[in-house]
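Undergrad: Each chain is listed here by its residues.
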Amino acid sequence: MSADHSEELAALVGRRSGAPQVAPDAVNLAMIRHWVEAMGDENPVYLSEEAATDAGFGGIVAPPTMLQAWIMRGLKASLEAESRRAEPETTAGSDNDRMMALLDDEGRTSVVATNCDQHYVRPLRLGERLVTTSTIEDITAEKKTGLGEGRFVTTRIDFVSLPDLGEHASVSEEVVAAGEPVATMRFRILKYRPGTAKGAEVRDGDGGPARPRRPRPALTQDNAFFFEGTRAGKLLIQRCVSCHTLRHPPLPACAVCGSLDWDTVQASGRGELYSFVVVHYPKVPSFDYPLPIGLVALEEGTRLVADLAIDPAELRIGMPVEAELVSFDDELTLPVFHGLPAERDEGG
Amino acid sequence: MSSGGLGTRTYDSVAVGDELERLVLPITPTLIVAGAIASRDYQDVHHDRTLAQLRGSPDIFMNILTTNGLVGRFVTDWSGPAAVLRDVVIRLGAPNYPDDTMTLTGIVTAKADPDADGRRGDVEVTVRGANSLGDHVTGTVTVSLPREGVRR
Numbered sequence: 001m002s003a004d005h006s007e008e009l010a011a012l013v014g015r016r017s018g019a020p021q022v023a024p025d026a027v028n029l030a031m032i033r034h035w036v037e038a039m040g041d042e043n044p045v046y047l048s049e050e051a052a053t054d055a056g057f058g059g060i061v062a063p064p065t066m067l068q069a070w071i072m073r074g075l076k077a078s079l080e081a082e083s084r085r086a087e088p089e090t091t092a093g094s095d096n097d098r099m100m101a102l103l104d105d106e107g108r109t110s111v112v113a114t115n116c117d118q119h120y121v122r123p124l125r126l127g128e129r130l131v132t133t134s135t136i137e138d139i140t141a142e143k144k145t146g147l148g149e150g151r152f153v154t155t156r157i158d159f160v161s162l163p164d165l166g167e168h169a170s171v172s173e174e175v176v177a178a179g180e181p182v183a184t185m186r187f188r189i190l191k192y193r194p195g196t197a198k199g200a201e202v203r204d205g206d207g208g209p210a211r212p213r214r215p216r217p218a219l220t221q222d223n224a225f226f227f228e229g230t231r232a233g234k235l236l237i238q239r240c241v242s243c244h245t246l247r248h249p250p251l252p253a254c255a256v257c258g259s260l261d262w263d264t265v266q267a268s269g270r271g272e273l274y275s276f277v278v279v280h281y282p283k284v285p286s287f288d289y290p291l292p293i294g295l296v297a298l299e300e301g302t303r304l305v306a307d308l309a310i311d312p313a314e315l316r317i318g319m320p321v322e323a324e325l326v327s328f329d330d331e332l333t334l335p336v337f338h339g340l341p342a343e344r345d346e347g348g
Numbered sequence: 349m350s351s352g353g354l355g356t357r358t359y360d361s362v363a364v365g366d367e368l369e370r371l372v373l374p375i376t377p378t379l380i381v382a383g384a385i386a387s388r389d390y391q392d393v394h395h396d397r398t399l400a401q402l403r404g405s406p407d408i409f410m411n412i413l414t415t416n417g418l419v420g421r422f423v424t425d426w427s428g429p430a431a432v433l434r435d436v437v438i439r440l441g442a443p444n445y446p447d448d449t450m451t452l453t454g455i456v457t458a459k460a461d462p463d464a465d466g467r468r469g470d471v472e473v474t475v476r477g478a479n480s481l482g483d484h485v486t487g488t489v490t491v492s493l494p495r496e497g498v499r500r
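So the protein sequences, as listed, match chains A and B.
The opening residue of the first sequence carries number 1 in my numbering; numbering runs sequentially from there.
The opening residue of the second sequence carries number 349 in my numbering; numbering runs sequentially from there.
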């Protein structure tokens with residue numbers, strides 16, 4: 001089982017998440033225009049000095065819900081953070097980093113935002129520069145949730161206005177304390193252990209991210225036998241009862257004699273690769289890529305589309321293959337074809 | 349969609365139980381990406397489908413800041429430009445993926461006493477934004493509205 005860091009986590013409650021954050025830019029019309037156009041917000045007080053004055057604001061104000069946008073780090077810092085994360089053993093700097101590392105070490109590697117509460121003391125005017133301090137306000141005991149077992153973490157972000165900050169990119173706590181409080185935000189996330197939800201999704205290896213199950217086949221009265229067969233460990237082929245012609249994919253009637261009567265025979269599972277593709281894109285999260293898919297000519301004579309457990313570089317048309325029935329989850333078992341060793345190529 | 353004109357609600361004209369005109373928003377990749385970039389949120393899951401799928405999501409999805417912005421807009425579309433947002437308290441649920449539709453509905457659930465100076469008063473609106481997967485967002489927005497006949 002994973003570690004339990006309850007005591008170390010409790011010690012972090014009440015601590016600053018990190019150093020004060022300074023907004024890269026003062027509240028400005030250009031960013032407001034991007035925002036209101038994206039949101040489809042027609043409220044004129046965000047762009048028109050006259051309308052804003054008429055409405056009693058004394059001049060243009062920023063959309064209040066834009067609060068967090070003023071302190072977002074932007075593209076450059078996001079890319080830098082991303083490349084840092086790719087490096088092993090980065091020394092944890094802030095208490096927020098330490099908290100996240102402890103939660104990861106508990107096996108709670110997945111994260112989802114659950115709540116966002118914003119309180120605005122007053123509207124923000126053009127030219128104001130915001131600075132924030134963040135405090136770890138609460139870390140819960142383990143909770144069972146629909147996503148999995150995890151802890152809820154609440155961070156409080158206090159926004160102060162410091163209009164005369166100039167070019168400063170960083171400020172001390174003392175400077176922040178002299179600012180005017182303009183807003184507060186509480187942000188709650190769930191850090192959870194993937195794959196621990198009720199009816200958990202299929203896990204991608206040990207401790208890896210949860211991923212969705214494979215798409216379900218559309219079952220009909222004609223094809224259900226195939227999937228019931230694979231679940232029972234048999235690769236079945238439909239056979240016409242009147243003329244004994246085999247057919248695949250399943251159909252209600254025989255294409256040779258027209259008979260509606262059919263039964264099934266069990267295939268040996270051996271055949272040869274009639275054709276194949278290797279899918280690189282688009283990626284569907286239920287599968288691993290590159291994804292080789294084969295059209296296999298079974299030795300009984302019908303052809304079947306199936307996954308290939310064969311290195312794409314080794315794939316050759318005509319190569320001998322053999323089916324293994326693989327259970328992907330409780331409901332779905334499908335044939336996956338492996339290559340056969342060369343010495344059995346010409347075997348009887 | 350909003351009918352063009354913004355509302356001009358006053359504290360006195362609003363009653364608990366009033367319903368807001370619903371807002372039906374097509375969730376397009378353009379809306380998701382424009383909202384992410386306008387909020388300076390460059391997490392790849394909000395603009396890059398390939399990387400979003402690598403991380404186990406079926407597609408890109410809307411970021412929280414955009415959800416916040418849409419909820420705020422929904423309420424001020426109704427209240428009009430003289431309203432002042434006080435609180436936006438939201439709980440997040442089913443993601444907004446492209447090619448879905450989110451329908452925002454709202455109802456006035458509380459009215460505080462008028463402010464001490466008699467010029468304005470707070471009104472609470474309970475908001476829900478639902479898509480085909482369920483509730484994307486639920487929460488409350490508290491908005492300060494001017495009193496009837498009070499000069500601004």
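Worth flagging that the hints you see were computed from the coordinates, not collected in a lab.
Don't take each hint at face value.
Claimed, not checked - Quick list of the computed label-pair ranges, beta carbon to beta carbon: (1) B:T378 / A:S242: 30 to 40 Å; (2) B:A458 / A:A113: 20 to 30 Å; (3) A:E331 / B:S480: 38 to 48 Å; (4) A:G58 / B:A458: 23 to 33 Å; (5) A:T145 / B:D366: 45 to 55 Å; (6) A:E49 / B:R495: 23 to 33 Å; (7) A:P212 / B:T376: 49 to 59 Å.
Here the structure is a predicted model, which is why all the values come from computation and not from measurement.
The C-beta atom is built at its ideal place from N, Cα and C for all residues, glycine as well.
Undergrad: Which numbered conditions among the earlier hints are violated in the structure presented, ordered from lowest to highest?
TA: 1, 3, 5, 7
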